[in-house]
Amino acid sequence: MEITLLGAVTIIVSIYAFFKNEKLLLYMMVFLSTFTAANLLNITVTTTPVQTFEFTGAIWLLRVFINFIKSKPKITKGWIINKFKENKLATAFLIFTIAIILGEIFLLISGINVEYTNADGELSVLKFGKANITMPIIMIFIFVNMLVLSFTIKTKEEVKELLKVFSFSTMFAVVWGLLQFITYYFGVPYPEFLFNNNVYAMQWYNQIDNNVKRITSIALEPSMFAINLVCFIPFVLGTYLKLKEKMKEKKYIITFIILVLTTACAILTTSTTTYVGIVAIYGMFGLYILFGFIKKGELDNRKRNFLKMLLVTVCSIGFAACVCIGSLKIGYRLGTIQPIKIEVKEEDKDKDKEDEYNSAFQNMVKMVKQMTIDKLGSGSGQERMKGEEVGMKLFKHSPIVGIGIGSYRTFSMFTNVLLNMGIVRNSFTFIYLICNFKSII
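Each residue of the sequence shown is one higher than the one before, starting from -5 at the first, in my numbering.
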């Protein structure tokens, strides 16, 4: 068993919080939830990683359970039913958890054993295995945390406090990601032992394409970090748009800088997930400003809000381009990256002509095109298409209840849920989402 540096710090603070400050435990769980590439410890015997937020989440659950027992509640069947009737969100979590358990039991009993060729061209077997135990346990643990949290958090102020913690965590990730991008071109070794220390997962902190460094920050890969940023941007953008302060005010300047840095960092992940997410977020805010705003409400000034969104968009793209091109030029000058030779057709070659190389600007443009309009033609796009194709072939073997969580992973959340949970259990996903929307409203 190997404990990481971040893990040691987390354990010490968690022990203190367990006895002295229950709320600190909860804040730690939320803060560390974005550190998806970091481990608390690695269990070498079973090759099992324990993430920092999982540990703090388990300690928090234990603390809540002890407090609950100390309160000596009178638990009856009617009391439990009434509690879940009052809390539709908890009911959704419970239904989803039961659906996960029943699906894995069915997979075990059915004895499915199907040979198939995976996306890498390797022969694999679809059957109940260790992943069908570990992955559901992780999912159930997360849903139990959310279920308990839905009973624990009772006011909007408490929700706001947790959102602040999530915001601080994401802002740290943004700064760390930008440093990861810039320092690469200065030849500074990346300290992966701090936050990218999960030895049992595919770590992509060294990923670079067309000489453009892909930001992963404290996540395993750019796409995973993109999800973190896409979840954070709506809160910052909404806060920024409803500000009535003048541009010179401190609050306005800080919010504007955070939004620009986050959006620019998202662009520099060069993840298709990010680009789709950014377009969706800014597009939905634009539509709301046009058609959905409340008269005399916080976002009722159409012209002002469109100008503010335009300013953020221009500044974010401009900042991302300057950081990218500037860092690439530094990398070329220091020799940390080598120029990419321009491919020339055989008939266009001239023996007396010197070889031409892509400029920093060309590298950046090529990378953006590769992740957007040329995505399907790229190696990454082809890999994803192949993964989806294999997934749909496996779906026919168990379309009703799915092939089990952990059996096979596609590259899309929608097909992944459908494949792993099937048509029946997928309906529970929609129930869960509907209950979420109702609770939000």
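In case anyone wonders, no lab produced these hints; they're calculated from the structure.
A virtual CB, placed ideally from N, CA and C, is assigned to each residue, including glycine.
Errors might be hidden in some of the hints.
[Unchecked claim] Here are the computed lysine-lysine pairs in the BS3-like style, where the Cα-Cα straight-line distance is at most 30 Å:
id: 1; residue 1: Lys66; residue 2: Lys77
id: 2; residue 1: Lys432; residue 2: Lys158
id: 3; residue 1: Lys238; residue 2: Lys335
id: 4; residue 1: Lys242; residue 2: Lys148
id: 5; residue 1: Lys363; residue 2: Lys432
id: 6; residue 1: Lys154; residue 2: Lys289
id: 7; residue 1: Lys244; residue 2: Lys363
id: 8; residue 1: Lys290; residue 2: Lys302
id: 9; residue 1: Lys14; residue 2: Lys79
[Unchecked claim] Label pairs and their calculated CB-CB ranges:
id: 10; residue 1: Leu56; residue 2: Met379; range: 54 to 60 Å
id: 11; residue 1: Ile367; residue 2: Thr409; range: 20 to 26 Å
id: 12; residue 1: Thr233; residue 2: Leu117; range: 18 to 24 Å
id: 13; residue 1: Ile63; residue 2: Val108; range: 42 to 48 Å
id: 14; residue 1: Val169; residue 2: Gln201; range: 18 to 24 Å
id: 15; residue 1: Ile6; residue 2: Glu292; range: 21 to 27 Å
id: 16; residue 1: Ser161; residue 2: Gly115; range: 56 to 62 Å
id: 17; residue 1: Glu(-4); residue 2: Trp73; range: 41 to 47 Å
Quiz item: Do the alpha carbons of lysine 290 and lysine 302 lie within 30 Å of each other, as the hint requires?
Solution: holds, 18 Å
Practice problem: Please work out if lysine 244 and lysine 363 have their alpha carbons no farther apart than 30 Å. | Solution: violated, 37 Å
Quiz item: Between isoleucine 63 and valine 108, does the beta-carbon spacing fit 42 to 48 Å?
Solution: This hint holds: roughly 46 Å between Cβ atoms.
Self-check item: Status of the given 18 to 24 Å range, CB of leucine 117 versus CB of threonine 233
Solution: violated, 52 Å
Quiz item: Taken at face value, is the distance from the CA of lysine 77 to the CA of lysine 66 at most 30 Å?
Solution: Holds: lysine 66 and lysine 77 sit about 16 Å apart, inside 30 Å.
Quiz item: Under the criterion that the straight-line Cα-Cα distance not exceed 30 Å, is the pair lysine 363, lysine 432 satisfied?
Solution: violated, 39 Å
Self-check item: Whether the CB-CB distance between isoleucine 367 and threonine 409 falls inside 20 to 26 Å
Solution: holds, 22 Å
Quiz item: Does lysine 154 pair with lysine 289 here, judged by a C-alpha cut-off of 30 Å?
Solution: Given that 30 Å is the threshold and the Cα spacing comes to 25 Å, the pair holds.
Quiz item: Is the gap between the beta carbons of leucine 56 and methionine 379 within 54 to 60 Å?
Solution: violated, 45 Å
Quiz item: For the pair supplied as a hint, lysine 238 and lysine 335, is the alpha-carbon distance within the 30 Å limit?
Solution: violated, 51 Å
Exercise. Starting from the range 41 to 47 Å, see whether the pair glutamate -4 and tryptophan 73 falls in it by beta-carbon distance.
Key: Given about 45 Å between the Cβ atoms, the range holds.
Practice problem: With a cut-off of 30 Å on the C-alpha distance, tell me whether lysine 432 and lysine 158 pass. | Solution: holds, 23 Å
Hint violations for this structure: numbers 3, 4, 5, 7, 9, 10, 12, 15, 16, all remaining hints satisfied.
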